[in-house]
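2 protein chains.
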Amino acid sequence: MQKPAKTKAPINHIIAHRWSPRAFSNKAIEEDKINALLEAARWSSSAFNEQPWRFIIGKKEEETWKKILTTLVEWNQQWAKTAPLLVLNIAKLNFTHNNKPNDVAEYDLGQAVATMALEAVHQGLFGHQMTGFDGKKAAELFNIPEGYKAVSVTAFGYYGNPDDIPADIAKQEINERSRNELKEMVFSTTFGK
Amino acid sequence: MQKPAKTKAPINHIIAHRWSPRAFSNKAIEEDKINALLEAARWSSSAFNEQPWRFIIGKKEEETWKKILTTLVEWNQQWAKTAPLLVLNIAKLNFTHNNKPNDVAEYDLGQAVATMALEAVHQGLFGHQMTGFDGKKAAELFNIPEGYKAVSVTAFGYYGNPDDIPADIAKQEINERSRNELKEMVFSTTFGK
Numbered sequence: 001m002q003k004p005a006k007t008k009a010p011i012n013h014i015i016a017h018r019w020s021p022r023a024f025s026n027k028a029i030e031e032d033k034i035n036a037l038l039e040a041a042r043w044s045s046s047a048f049n050e051q052p053w054r055f056i057i058g059k060k061e062e063e064t065w066k067k068i069l070t071t072l073v074e075w076n077q078q079w080a081k082t083a084p085l086l087v088l089n090i091a092k093l094n095f096t097h098n099n100k101p102n103d104v105a106e107y108d109l110g111q112a113v114a115t116m117a118l119e120a121v122h123q124g125l126f127g128h129q130m131t132g133f134d135g136k137k138a139a140e141l142f143n144i145p146e147g148y149k150a151v152s153v154t155a156f157g158y159y160g161n162p163d164d165i166p167a168d169i170a171k172q173e174i175n176e177r178s179r180n181e182l183k184e185m186v187f188s189t190t191f192g193k
Numbered sequence: 001m002q003k004p005a006k007t008k009a010p011i012n013h014i015i016a017h018r019w020s021p022r023a024f025s026n027k028a029i030e031e032d033k034i035n036a037l038l039e040a041a042r043w044s045s046s047a048f049n050e051q052p053w054r055f056i057i058g059k060k061e062e063e064t065w066k067k068i069l070t071t072l073v074e075w076n077q078q079w080a081k082t083a084p085l086l087v088l089n090i091a092k093l094n095f096t097h098n099n100k101p102n103d104v105a106e107y108d109l110g111q112a113v114a115t116m117a118l119e120a121v122h123q124g125l126f127g128h129q130m131t132g133f134d135g136k137k138a139a140e141l142f143n144i145p146e147g148y149k150a151v152s153v154t155a156f157g158y159y160g161n162p163d164d165i166p167a168d169i170a171k172q173e174i175n176e177r178s179r180n181e182l183k184e185m186v187f188s189t190t191f192g193k
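Quick note, the sequences are listed as chains A and B, same order. Under my numbering, the letters of the first sequence match residues 1 to 193, in that order. Under my numbering, the letters of the second sequence match residues 1 to 193, in that order.
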């Protein structure tokens, strides 16, 4: 299932074709594709090249996968359980070189996770990020130390069958993708104009 | 000048070829390419599809470009002044639907800016993000209201001539790109392992 963005200017294929499905196929993701996802994130940019991202990856039927799933809010669990790969995305909050707060740690984590989601499209996969999860529970389950923060979870997989997820959730799969107009987010003289 | 990442797995071209140069060409960026950059950011993903990103864009010789340049720390000004396009990246800190704090506003801004930087590669351009700038001054110069935060500035352009920037900065252009090993950022059972 493809849901290419109705863009007003031609843009790169993997950017236009990225979307966030909820019905994933049971098919496992090949190891070389998982490596490509992680490698793409690794080469993302960050302030002072700090690379303030950490990932805990769980493959279906592994204990880690189950633990990540239990951190999700109930509504997300209903569909995310179809995904063969769950990744917990963690920010390192202080700079390594001076231990001072890194104000863009989460911003840079967002860059890495976005890059991973785009690489997924390149690999014929899809990713769906969630913020509806219990970060405190994740910290306990995975012994995440002070100075690190679990920010989001991404479900990855091949596209599946909407019939495999609850009907009310499956309905959202066919909604058209929408975004605000550029004039609402792009200004050229002062804020808002 | 190309500096493809020495990746350990094949990844998408625009991800592997993105890097952050400091010597930009004087050549202006075509309008359709600027639109493509913005359109790519627009279709980025965000929590609740909030799209908490705002961009103030300044083209060289425009007042906005000069104002953005003056917010940069001196060291960044020395090279960023070669860039034909400067973009101030701003996060909307509260959700629109309920006015509550959006904990992932900056994370989602990071996603949009990363996507814009990748589209730049697709367009034959490069982007270089900076956090070395005065956000308070930017807020004053552009009347950025409460509830919004200027997080970073991106310089965009075609690649230029390292001789056009100070020699000590130009030296950094030829450094090999480096990243930590995956084992330092990817775990599979518990944090750190």
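Honestly, the hints are just simulated from the structure, not real lab data. For glycine and all other residues, C-beta sits at the position ideal for the given N, C-alpha and C. Honestly, I wouldn't trust all of these hints.
As the list claims (entries may be wrong) - Example chain A residues on the side facing chain B (calculated, C-beta under 7 Å, incomplete):
| # | residue |
| --- | --- |
| 1 | Glu39 |
| 2 | Trp65 |
| 3 | Lys67 |
| 4 | Thr115 |
| 5 | Leu182 |
| 6 | Val186 |
| 7 | Thr189 |
| 8 | Thr190 |
| 9 | Phe191 |
Hint check:
Evaluation of the Glu39 of chain A hint against chain B yields a held restraint, the C-beta minimum of about 4 Å falling below 7 Å. The interface hint given for Trp65 of chain A is broken, as the beta carbon of that residue sits about 10 Å from the closest beta carbon of chain B, more than 7 Å. For Lys67 of chain A, the interface hint is violated, the least distance from its beta-carbon to any beta-carbon of chain B being 9 Å, above 7 Å. The criterion of a C-beta within 7 Å of any C-beta in chain B is met by Thr115 of chain A, whose closest approach is roughly 6 Å, and the hint holds.
Annotation: interface hint on Leu182 of chain A holds; nearest CB of chain B at approximately 6 Å, less than 7 Å. Evaluation of the Val186 of chain A hint against chain B yields a held restraint, the C-beta minimum of about 5 Å falling below 7 Å. Hint status for Thr189 of chain A relative to chain B: holds, with the closest Cβ pair at about 6 Å, below 7 Å. A cut of 7 Å between beta carbons decides the hint on Thr190 of chain A: the least distance to chain B is about 5 Å, and the hint holds.
For Phe191 of chain A, the suggested interface contact is upheld, since its CB lies about 5 Å from the closest CB of chain B, less than 7 Å.
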